[in-house]
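If you read the sequence shown in our numbering, its first letter stands for residue 117, the second for the next number, and so on.
A few of these clues could be false.
Said to hold, decoys possible - Ranges between beta-carbon positions, derived for each pair:
| id | residue 1 | residue 2 | range |
| --- | --- | --- | --- |
| 1 | Glu146 | Ala120 | 19 to 27 Å |
| 2 | Gly157 | Leu118 | 30 to 38 Å |
| 3 | Val161 | Gly131 | 29 to 37 Å |
| 4 | Gly127 | Leu152 | 16 to 24 Å |
| 5 | Asp136 | Tyr156 | 32 to 40 Å |
| 6 | Lys117 | Val139 | 12 to 20 Å |
| 7 | Tyr140 | Leu118 | 29 to 37 Å |
| 8 | Gly138 | Lys117 | 32 to 40 Å |
| 9 | Gly138 | Val161 | 18 to 26 Å |
| 10 | Ala129 | Val161 | 31 to 39 Å |
None of these hints come from the bench; they were simulated from the model. From the three backbone atoms N, C-alpha and C, an ideal C-beta is built for every residue, glycine too.
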Amino acid sequence: KLPAEIEVYDGAAHGWCPPDSGVYNEPQAEKAWSRLLALYGKALV
(Lines of atoms letter the chains of each structure in order from A and count residues from 1; the text may use other names and numbers.)
(Lines give C-alpha, C1' and ligand atoms only; values in the text may rest on other atoms or scores of the structure.)
Protein backbone atom coordinates (compact mmCIF):
# COMPACT_ATOMS: atom_id res chain seq x y z
CA LYS A 1 0.00 0.00 0.00
CA LEU A 2 1.05 3.55 -0.65
CA PRO A 3 0.74 6.25 2.01
CA ALA A 4 -2.12 8.66 1.44
CA GLU A 5 -3.80 11.61 3.12
CA ILE A 6 -7.36 12.83 2.81
CA GLU A 7 -8.24 16.33 3.93
CA VAL A 8 -11.66 17.96 4.10
CA TYR A 9 -11.53 21.71 3.49
CA ASP A 10 -14.14 23.24 5.79
CA GLY A 11 -16.50 25.70 4.15
CA ALA A 12 -15.37 24.77 0.64
CA ALA A 13 -18.04 23.82 -1.91
CA HIS A 14 -17.45 21.68 -5.01
CA GLY A 15 -15.26 23.61 -7.46
CA TRP A 16 -13.78 25.90 -4.81
CA CYS A 17 -10.16 25.96 -6.01
CA PRO A 18 -10.18 27.86 -9.36
CA PRO A 19 -10.09 31.64 -8.77
CA ASP A 20 -12.77 32.30 -11.41
CA SER A 21 -15.23 29.89 -9.77
CA GLY A 22 -18.39 31.29 -8.20
CA VAL A 23 -17.62 29.28 -5.05
CA TYR A 24 -13.90 30.14 -4.88
CA ASN A 25 -12.57 29.89 -1.33
CA GLU A 26 -9.24 31.72 -1.25
CA PRO A 27 -7.94 30.59 2.17
CA GLN A 28 -8.69 26.94 1.44
CA ALA A 29 -7.40 27.18 -2.14
CA GLU A 30 -4.10 28.66 -0.94
CA LYS A 31 -3.78 25.84 1.58
CA ALA A 32 -4.52 23.19 -1.06
CA TRP A 33 -2.12 24.66 -3.63
CA SER A 34 0.70 24.96 -1.10
CA ARG A 35 0.24 21.33 -0.07
CA LEU A 36 0.10 20.16 -3.70
CA LEU A 37 3.23 22.10 -4.67
CA ALA A 38 5.07 20.74 -1.62
CA LEU A 39 4.12 17.22 -2.67
CA TYR A 40 5.34 17.86 -6.22
CA GLY A 41 8.58 19.33 -4.88
CA LYS A 42 9.17 16.26 -2.78
CA ALA A 43 8.09 13.63 -5.32
CA LEU A 44 9.47 15.09 -8.55
CA VAL A 45 12.95 16.13 -7.44
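Outcome of the hint check:
1. Glu146 <-> Ala120: 19 to 27 Å: 22 Å, holds
2. Gly157 <-> Leu118: 30 to 38 Å: Since Gly157 and Leu118 have Cβ atoms about 18 Å apart, the given range 30 to 38 Å is violated.
3. Val161 <-> Gly131: 29 to 37 Å: With a Cβ separation near 30 Å, Val161 and Gly131 satisfy 29 to 37 Å, so the hint holds.
4. Gly127 <-> Leu152: 16 to 24 Å: Holds: the Cβ-Cβ distance is about 19 Å, inside 16 to 24 Å.
5. Asp136 <-> Tyr156: 32 to 40 Å: 23 Å, violated
6. Lys117 <-> Val139: 12 to 20 Å: 33 Å, violated
7. Tyr140 <-> Leu118: 29 to 37 Å: 31 Å, holds
8. Gly138 <-> Lys117: 32 to 40 Å: 38 Å, holds
9. Gly138 <-> Val161: 18 to 26 Å: The hinted range 18 to 26 Å is violated for Gly138 and Val161, with Cβ atoms some 36 Å apart.
10. Ala129 <-> Val161: 31 to 39 Å: 34 Å, holds
In summary, the numbered hints that this structure violates are 2, 5, 6, 9.
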